Amino acid sequence: MKQGYAPVGKLFTGIFEPFANSIVGRTIASILGGLGFTGRTGVIAIPYTWLALFFLIPFAFVLKISFAESILAIPPYSDLVQWSEDAMLTINLNLDNYLFLLEDDLYWMAYLNSAKIALIATFFCLLIGYPMAYGIARADPTKRNILLMLIILPFWTSFLLRVYAWIGLLKNNGLVNNILMGLGIIDDPIVMMQTDFAVYIGIIYSYLPFMILPLYANLEKLDGTLLEAAADLGCRPFKAFLCITLPLSVPGIIAGSMLVFIPAVGEFVIPALLGGPDTLMIGRVLWDEFFNNRDWPVASAVAIAMLLFLVVPIMFFQQFQNKQTEN
Amino acid sequence: MIAKRFNFILASLLFGYAFLYIPIISLIVYSFNKSKLVTVWGGFSTKWYGELFRNEQIIDAALLSLRIAMVSAIFAVAFGTLAGFVMARMKRFKGRTLFSGMITAPLVMPEVITGLSLLLFFVALQKLTGWPEGRGVTTISIAHITFSMAYVAVIVQSRLADMDPSLEEAAMDLGAKPVKVFFAITLPIIAPALISGWLLAFTLSIDDLVIASFVSGPGSSTLPMVIFSKVKLGVSPDINALASIIIGIVAFGVILAIFAMKRQEAIRSRDMQLIAAAND
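Residue numbers (numbering that gives the first Met the number 0), protein chains in the order written: chain C, 0 to 326; chain L, 0 to 279.
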């Protein structure tokens with residue numbers, strides 16, 4: 000099985016092997032060794048430092064600035080720590096941004112609406128994606144690869160352009176309305192663009208592959224003999240599906256749903272392009288606070304509130320992911 | 000009963016693929032439309048392609064995006080491979096839980112949060128140390144490396160988990176040092192994962208609108224940012240042409256990959272037959 004990779008593999012050995020053996024490679028190794036870098040710590044330290052610096056620590060700054068005041072300056076927020084004239088250290092923790100979020104209905108509505116839209120879209124992704132994943136997993140091996148490739152293919156093309164494609168379909172004089180009117184089903188165009196309906200379509204369309212792939216990976220591993228045994232014992236196919244296939248595919252359902260739900264809550268591009276002015280989603284609210292109102296502290300507070308909202312599903316996904324890889 | 004169920008599966012497959020492909024096909028068809036009204040067919044024409052190549056703003060943005068994507072994909076593969084290796088092979092070290100958290104979280108973190116946090120970090124860092132000087136290509140690349148290395152790490156980790164550990168053990172037993180084992184044995188075996196990781200990182204980078212919008216500065220508008228500002232004003236035919244070109248390149252690449260896979264499969268099965276013949 001490993002042989003098949005030899006041609007690509009040789010390319011890499013060709014580049015790296017002489018290097019590892021050369022004086023340069025040995026010198027680097029001995030210098031790192033001399034500095035007390037054993038290979039192990041070095042290997043861990045490089046990605047660890049990078050992720051801590053550019054993924055973890057930035058969140059601390061969001062938290063900090065969410066307690067600051069919005070001022071007219073560059074950058075447009077106040078310092079939390081100040082030395083007053085008599086050398087007294089004062090720390091100004093300003094909770095106004097959070098109070099503002101709590102008092103203004105807009106933010107509540109945006110959070111609830113985002114959760115609702117993400118939840119419904121996840122459900123429809125599951126509804127469309129499950130039979131597709133099942134069909135692909137049950138197809139014969141030659142067809143299976145092509146079917147799978149066709150699921151992944153849209154993912155490689157621009158996400159922005161695929162969302163944009165729906166504008167042409169859903170507009171008042173777009174393809175869908177033209178076809179429906181051409182067939183005489185409707186007389187006047189149905190308004191679909193700039194509605195919640197268009198946002199649902201956009202999210203389901205964009206995130207469907209993320210639902211199908213983990214489901215497929217799970218269903219493909221399903222032991223067929225279990226179904227045969229059930230059939231031998233007189234179980235009907237549909238009941239066998241409900242009692243065997245469905246329970247065994249729960250890990251795939253969870254992984255797929257999390258991969259759709261969590262990013263969908265904070266989605267910006269889809270509501271911005273397909274939704275109307277009254278389509279409230281929290282990702283869009285954050286964007287507007289930051290780019291249009293230039294209110295960095297409120298945008299930070301919105302981000303922290305969104306994180307608190309998402310921390311439970313994210314942790315759940317994480318635990319689940321770890322368990323899957325360890326098994 | 001079986002026939003009925005089969006039909007249901009078949010119907011949902013047909014529906015699903017139609018749902019995935021009709022928007023893409025409509026984009027391509029209308030890119031050859033003569034009329035400026037995108038959805039009214041006015042005859043066949045390739046004029047929007049010519050228009051696209053004369054649009055300097057789009058060409059410049061595309062070149063910038065390509066540059067950022069190439070560089071950040073290389074770094075993402077380097078760091079992501081290390082991270083995936085650590086996750087797969089080092090089961091115990093201090094802070095492993097945090098490390099695995101920092102690898103899974105970027106996969107699902109909403110982009111607006113990642114973008115905002117990185118921007119605030121860069122602004123504060125510049126105030127403290129003077130680096131980075133303003134925002135632009137460097138900050139966008141750093142942001143892209145950070146989120147795409149997580150994807151590479153996951154790919155590499157799963158490839159390593161499937162790999163037969165006895166190969167590495169054999170090399171160690173024969174006296175190879177760990178570094179040598181990694182470069183001579185592990186790396187060549189996981190090379191396909193590195194290539195798909197690079198391609199994925201490249202795609203993620205060239206596709207990113209939200210994070211780039213936060214961390215970019217004046218004069219560094221990437222392709223998605225230019226597209227977004229045009230698309231917000233409505234449908235425009237040259238964007239259809241651009242989309243068709245991107246789809247064409249991707250489809251070509253995928254077909255090439257399928258052929259390469261088929262050829263490898265053929266070589267493999269021929270080798271197996273040779274082995275079987277030699278054993279007889």
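Just so you know, these hints were derived from the structure itself, not from any lab. Just so it is clear, the structure is predicted and the values come from calculations on it, not from any experiment. Heads up, a few of these hints could be off.
Dumping the calculated DSS-like pairs for lysine-lysine here, alpha-carbon to alpha-carbon at most 30 Å [stated by the list, open to error]:
{"hint": "1", "chain 1": "L", "residue 1": "Lys126", "chain 2": "C", "residue 2": "Lys220"}
{"hint": "2", "chain 1": "C", "residue 1": "Lys115", "chain 2": "L", "residue 2": "Lys231"}
{"hint": "3", "chain 1": "L", "residue 1": "Lys35", "chain 2": "L", "residue 2": "Lys229"}
{"hint": "4", "chain 1": "C", "residue 1": "Lys322", "chain 2": "L", "residue 2": "Lys261"}
{"hint": "5", "chain 1": "L", "residue 1": "Lys126", "chain 2": "C", "residue 2": "Lys63"}
{"hint": "6", "chain 1": "C", "residue 1": "Lys220", "chain 2": "L", "residue 2": "Lys90"}
{"hint": "7", "chain 1": "C", "residue 1": "Lys322", "chain 2": "L", "residue 2": "Lys229"}
{"hint": "8", "chain 1": "L", "residue 1": "Lys93", "chain 2": "C", "residue 2": "Lys63"}
{"hint": "9", "chain 1": "L", "residue 1": "Lys261", "chain 2": "C", "residue 2": "Lys142"}
DEER-style ranges, computed between Cβ atoms [said to hold, decoys possible]:
{"hint": "10", "chain 1": "L", "residue 1": "Ala256", "chain 2": "C", "residue 2": "Ala59", "range": "50 to 56 Å"}
{"hint": "11", "chain 1": "L", "residue 1": "Ile266", "chain 2": "C", "residue 2": "Glu227", "range": "51 to 57 Å"}
{"hint": "12", "chain 1": "C", "residue 1": "Asn144", "chain 2": "L", "residue 2": "Ile274", "range": "21 to 27 Å"}
{"hint": "13", "chain 1": "C", "residue 1": "Ala230", "chain 2": "L", "residue 2": "Thr45", "range": "52 to 58 Å"}
{"hint": "14", "chain 1": "L", "residue 1": "Ile21", "chain 2": "C", "residue 2": "Ala44", "range": "46 to 52 Å"}
Even glycine gets a Cβ: it sits at the ideal position worked out from N, Cα and C.
Comparing the hints with the structure gives:
no., hint, verdict
1, L:Lys126 to C:Lys220, "53 Å, violated"
2, C:Lys115 to L:Lys231, "25 Å, holds"
3, L:Lys35 to L:Lys229, "15 Å, holds"
4, C:Lys322 to L:Lys261, "34 Å, violated"
5, L:Lys126 to C:Lys63, "15 Å, holds"
6, C:Lys220 to L:Lys90, "25 Å, holds"
7, C:Lys322 to L:Lys229, "44 Å, violated"
8, L:Lys93 to C:Lys63, "27 Å, holds"
9, L:Lys261 to C:Lys142, "13 Å, holds"
10, L:Ala256 to C:Ala59: 50 to 56 Å, "42 Å, violated"
11, L:Ile266 to C:Glu227: 51 to 57 Å, "35 Å, violated"
12, C:Asn144 to L:Ile274: 21 to 27 Å, "24 Å, holds"
13, C:Ala230 to L:Thr45: 52 to 58 Å, "57 Å, holds"
14, L:Ile21 to C:Ala44: 46 to 52 Å, "49 Å, holds"
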